[in-house]
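J.: Each chain, written out:
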Amino acid sequence: MNVSAVMIVKNGARTIQRSLESLKQFDDVIVYDNGSTDGTQAIAAQYPNVRLIEGEFDGFGPTKNRAASYAVHDWVLIIDSDEVVDEELLLALQSESLDPETIYIVNFLAYYKEILIRYCGWNNQKIRRLYNKTVTRFNDNFVHENIIDEGMKKLPIAGNMKHYSYMSITDFIIKVDRYSTLFATDNVGRIKSSPTKAFFNALYSFFRTYILKRGFLDGYAGLVISFSHMATNFYKYIKLYDMNKQIK
Amino acid sequence: MSISVVIIVKNGGSILHRCLESLRTFDDVVLYNNGSTDDTALIAASYLNVRLVEGEFIGFGPTKNTAAEYAKYDWILSLDADEVLESAIVQEIKGLALEAKTVYTLLRKNFYKSTEIAHCWGADEIVRIYNRTTTRYSDKAVHEHILTNGVSIQKLSHSFSHYPYQSISEFILKADRYSTLFAEDNVGKKSSSPIKAFFSGHYSFFRTYILRRGFLDGYMGLIIAFSHMVTNFYKYIKLYEMNMAQKKKML
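So the protein sequences, as listed, match chains A and B. According to this note's numbering, the stretch in the first sequence is residues 2 to 249, in order. According to this note's numbering, the stretch in the second sequence is residues 9 to 259, in order.
Rather than coming from a laboratory, the hints here were simulated on the basis of the structure. Positions of the beta carbon are idealized from the N, C-alpha and C atoms, including for glycine. Take these hints with a grain of salt, some might be off.
Short derived list, chain B residues pointing at chain A, Cβ under 8 Å [stated by the list, open to error]:
1. S177
2. L181
3. T188
4. V238
5. F241
6. E249
Keeping only pairs whose Cα atoms sit at most 20 Å apart, straight-line, the calculated EDC-like set for lysine to aspartate or glutamate is [to be verified]:
7. B:K255 to A:E115
8. B:K257 to A:E115
9. A:K246 to B:E178
10. B:K182 to A:D172
Chain B on its own, in the form it takes in the complex:
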């Protein structure tokens, strides 16, 4: 039985090359491109097994389901553009006797450049292989997952690699993006104050660096913990500012 790989992408950047390179032995890779402004389409064009589909982003869950409709096979391996499969896991997937009413979980390890970040970003077990005639992604816009009601779950033994950040600048730019999203989602609904921003920021440093033992991840642990602090501070201070602006408008 064969598997299609389905990836949704926006501005895949440099890591997309490594992702697609690791999928050369799959004969059907659907790359669902939602509004990239970088050379994502150009990178995709250099792989004969990759089919580029241009489409809308309608939240993570729904978009992944839409993308899966373009697959040639019913069995779907769902990946992100910043994930890379090593040959061991590829072989394991290819050797699977895919059973109906079953989904498969893969172990994902997180890396920054070539270093595994084992503490701040512990490895996670995620369902990534499913049959689209049996199940699908939940309709959630964020924190989407493959629905597992009434199906059995089987674990694969090899892991694959996730490269969420390609540079230190990306930590800063994501802090900006996440904090804006958070404030926009919560304006008028959640209260905030400069003091809350300050202490929430510091607590998240403490949680990542000490409680999750980020200090064992070396200087990357420090960068991640510090960036968590920065993100949380800006989340609550942006929310505070937006709440203030909204109050002013209502007066």
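Bound-form chain A, shown alone:
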């Protein structure tokens, strides 16, 4: 296969095994670890096709570019430590002839524990994940990083990436904190915020996920997801408000 799998990870011990198992057919897997304290490195070291690199985290975009620079192949498949390549995607990567001027879009199936989430806006997300690093790269965004698509074609590739990002309710809460801090850090001094904005933004995001995206059809998991979207949005804007006040 002429594709390298590139993963940046911090404290992914609980999920990385399943992820690396799905990459056994790759001859080059880069695991770029930024300061794990949970034994992630030891798990990664068990796989002969994995090269473990330990380095800094300076935002998702820049860190992914740095990790990709270690890849042997020009083609880079970006994968997170809680994602699994399914059979169909693996087959496509092995057999398709890839066009360097194209960014390939991967379909995602999202899980909470072992429950496939069909609604909540989680289902069938299409994300740019496969690109030729001699032609393009990630932009420098701290969060919401993406592969630069100027002058590039974009095509879907067969198969799916299975996403196991949440294995407990505590995972949701930890991410509420993490994402809201990242958002506020990224936007301080640039985007205005207020308590009212935080409150109504939060309410709207519950409504959007639970009603408009029909999260109620996902059972109690849909409620957890919708509620956590609401909490994330509230804390995003209230942390931003707090930080904006401090720089004044």
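Go by the hints and put chain B onto chain A.
T.: The following block gives chain B in isolation, referenced to the frame of chain A:
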């Protein structure tokens, strides 16, 4: 008569500095450290009047009693690592003619950064000075208090300051910790459902923001009320999930 200050601490963090700084004029401060992984011990080492004791956590009441055994004097001022004494209250304490069979209550005001949170977290009157030959803490693991049977209670007039949260992130992380503790304590004992989680969450927002007039605390009132809602929702939804898992195991 002299007083020892007794503090039990785990991961005291940045606020511990301010706490110990406010106790410089006490000659005996016992800091009972139960399993900190931050620089609590290092902070303590920079104060000559602070004695660091390493020990186990066996529930709040018993741990506070154990810590008090290390004090040099029989009169104990019991504090938490996120509490700070202003000089007025220090002077008042030092001037007390401590009487046998008496305990003393202090008024505690709650702050976030430099703002007093007067509505969501109303000030509370708590017994904090006692003689360990007369009384002690109850043996409760949580909601412990100094036993007041057969002793008289005297109020001090100045207040001290409590800084329970140092950042907005702490509200979120505590919501996680409390909700897990609640679910673990109640699994198999209390029923729960997604609907209960949802409405209990919303009610606790209403209670804090409207009934307790949290809206008068400004944007901090909103953060606290919202965080109460978040904590309650996750409490009951975690309990629901744990109850389900337990049922599955029993089948």
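J.: Now look at each hint and say whether the structure bears it out.
T.: Okay, the hints, checked on the actual structure:
Hint on S177 of chain B holds. Least Cβ distance to chain A is approximately 5 Å, under the 8 Å limit. Using the Cβ-Cβ criterion of 8 Å, the hint placing L181 of chain B at the interface with chain A is satisfied: the shortest such distance is roughly 6 Å. Because the beta carbon of T188 of chain B sits about 6 Å from the nearest beta carbon in chain A, less than 8 Å, this interface hint is met. Contact between V238 of chain B and chain A, as hinted, is supported at the beta carbon level, the nearest pair being about 5 Å apart and thus within 8 Å.
Because the closest C-beta pair between F241 of chain B and chain A is about 6 Å apart, less than 8 Å, the hint holds. The restraint placing E249 of chain B at the interface with chain A holds, with a minimum CB-CB distance near 6 Å, inside the 8 Å limit. This hinted pair checks out: K255 of chain B and E115 of chain A have alpha carbons roughly 18 Å apart, not beyond 20 Å. For the suggested pair K257 of chain B and E115 of chain A, the alpha carbons sit about 17 Å apart, so the restraint of at most 20 Å is met.
A hinted pair counts as satisfied when its Cα atoms are at most 20 Å apart, and K246 of chain A with E178 of chain B qualifies at roughly 19 Å. A C-alpha spacing of about 14 Å is found between K182 of chain B and D172 of chain A, which places the hinted pair at or below 20 Å, so the restraint holds.
Figure legend: structure checked against the earlier numbered hints; every hint is met.
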